[in-house]
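Asks: Sequence:
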Amino acid sequence: MFSNYHTGGPYDLQRGFDGQSFGGFVPAFTPLASYDFGLAVTASGGNFIIGAEVAGGLQNAWNSLFNEKVDASGDFLNNPRNVANEIRGFQDYTNGSYANGDYLGNYDKEIPYANAGQVLNALERLGYEVHFGKFGITRAILKGPRGISDLVNRIFRAVLFNSGSDPLAIDLTGNGIKTIGASQSGVMFDTTGSGNSVSTGWIAEGTGWLAYNPSGATTLTSETQLFGAASLLPNGKYATDGFQALSLFDSNGDGVIDTQDPEFANLRVWVGAPSSGSSDPNMPAGQMLTLQQLGIVSISLNERPSWINTGGTGVEVNTESSYATVTWSDGRQTTIGAVNLTGNPFYQNLATPAQLQTSGDDAANAIPLMQGSGAMYDTRTAAQLSPSFSGLLQKYSTLTSRADQIAMLPQLLAVWGGTSNFQALMERNRWGYSDPCYVYQFDGIQQYANTNVQLNPGDQSNWTDAYRNMVGIVDILEKFNGQLLYDPASTGALCGHNRAFLSYNPGGEAGDGKSASIFVSPTYSIDVSASQVSALMQGYQALERSVYQGLVLQTRLMPYLNAIGLNVDSKGATGIRVDFSKFNNLLDGKFSTDPVNAMVDLAELTASGSSLLSAVGYDPTARLKQWAMQLQSSGQWQNFLGQFSDGIEAGYSNGVFNMLSSAGNGIFLTSADSSTVQDNNGSSILIATTGNDTLISGKGNDTLVAGIGYTYMAGRSGADTYVFERGDGIAEMETSGGQNNVLQLTNYNRSDLVLRQDGNTMVLDFGNGDVVRLHDYFLRQQVWGGDVGMRSVQFADGTQMSIAELAASANTVHGNGDGTFSGGWGNNILIGGAGNETLVGGNGNSTLVAGVGNDLLQAGSGNNT
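Per full-length UniProt numbering, the very first residue in the sequence shown carries number 1; after that it's consecutive.
Here are the simulated distance ranges between beta carbons: (1) Ala672 <-> Asp459: 48 to 58 Å; (2) Arg154 <-> Val783: 36 to 46 Å; (3) Gly176 <-> Leu641: 51 to 61 Å; (4) Ser329 <-> Thr224: 21 to 31 Å; (5) Asn749 <-> Asp404: 44 to 54 Å; (6) Pro284 <-> Asn456: 47 to 57 Å; (7) Asn266 <-> Ser534: 47 to 57 Å; (8) Asn680 <-> Gln333: 45 to 55 Å.
What the hints contain is simulated information worked out from the structure, not anything from laboratory work. In this text, a Cβ means the ideal position worked out from N, Cα and C, and glycines have one as well.
Using the sequences provided together with the hints, build the complete structure.
Replies: Following this line, the structure appears as structure tokens:
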């Protein structure tokens, strides 16, 4: 039933629902500390109705609880009264008694047995993480704080000047050094010794890492145990590669590491996953082996250059940059290579800062929570590290308009970036010293505002605004990706895509005349191409969108979520249901006074909160369609579109408005005749308003909403929902993607329609100009049997029929005066009215009933009555 089980404090339970009416409305979405769902749920038999796993755990917890609170003689430890009450309360609770009100609270309005599971299921559906203490549920909090979209990382890695780290790996089998890419390996490893683990490529079967292990450790916890760029040399600097680090152990200078060198005995080979393991279940647990165990007698230091792909694909290719030979006791030789692992530090487990305040700080918990990425802590941790960021984020949370929040995003990202210890490349420059400095040169962006003076790249006051802005963008992206766009440590080993081109000035004055340049430090300029610049700007915009959408539900739109409730019926008549009445009232009230911004809010709730609203069963399609049509007819549609001119999360082209979440889900709205909407992303809502529109779903589970007029609706893969309502006109539905689609008739019932056949098409005729055409229904029935593209039809009264049941059901047609009334395809019941009618049976088994007047009954094919 539950995806997460956590141990919480036992005393939280008594606060659950204190002062709240247990029957009636309870807010479903609340800030973390607002409510504890401490549900003391029992049945008459004394069993917990909170899932078998939890019930068993509570019963089994008695012995451990008792042992924790009594000494060997059986006396209570610490505060006798409190501990006694705690244990007695536990006994009472497991026995179904409410005798100990001090610790269980006053639950005189207990939830009936049958409703307990509904409460917990509702909490889980709402996206809550349920915490359990020794006495049961202690609190429920919204789980899964949003993280930075991996789109930010995919764009950044595509333009990266990259070669990765370079530890030494040994071919153990003679088949060559083999590795796997970061996403496939599932390995999180500390590549720097900082305590932060990152996603990284790893060795495959038949390959091992050469490790230095003087302490006899049995685990591999960081790259400082290996030979590579993380190896510290005696001069206090890091090695340029693994062979330089290993050469320190060549005590006799013969160019070979063997038993003549004392440190040979301290060398090991690590095979398998690191000590932290791997998410790949096929990767064996690692172990440390001696060279003697393996039969290795010597390792040559005579390295030769090589550029060999050892494994991985795309931007995750791991490359051997140089190699030497390994000699074995049986005389065979294999290789040892410096492997450039293309890890991905966008995915990191950051070590907890030493200065961080203790968890549970109320002020920290009041901060909107969003996961960081790369070298960035989450917002709550960052807020504890930086009062400036804490204050700015709180100010951001109070802003009431989308425009104001969007405008503050650059400042918010810059200050958030400043909370990291990771420095961007150009932040590392120390002008005026002998250490080299690095400067990005962006194609198409001029660096200096005034070129008629001596040019000093360290003088930011002479930078153009465009250059300063681009440097800031790269700084932020480097921090949120956890790596440099260009890494000077990899200069000698750069390979693969995006090879860097550098120009060098050794320092001092250069040039003459008015445009003379002065370089107070040795300076390298890294050329960044126009295509890289464009991609970096796209990546930054993706970052802004990700942060905005991650925070908007916790800030500006939070009042709407707080208005969604759980209705708890303590008598058990209706059980638990999600209540949207206050939510809808807030939306409708705002639309009546400020329709443009109300539509903005609804659109963002739908896009950013699509999975959340879907989980609780809220359908925004009717309001989206109705409000869009009202804005279009009142001339306010352009005002609505103007709210998204920043391009952060929405676009408008060819008469179609679209807004996508970071996950690729979103909404599409037409606003012009003959518009075509095609979703190539996730699970989205496609809405036609007026005109002859075409809606084409993508790979996800989409909702396609017919407009007024003619709408062509085409499904692809996925389980799609087709929505049709009274007054929509004609909707042609082609469902080639499979049979898991549903036709939703929002205000029509079965009795309102007549089935007809038009060639291979099933026609649902509502008799008032509204028609739904299921394209190729009969052809699909003939060729594919049960797969006719539409699984079922859902009617306004809540009934649902499979498409086969609908096809077999009888059409009922009521005459209402003079005229001809005919049944369609299938079995028909035709009932005459008060006039002189002609009732015509169809091609099924029809029943024709004459009414008052002179009626003419004409049987069709089949057995008619």
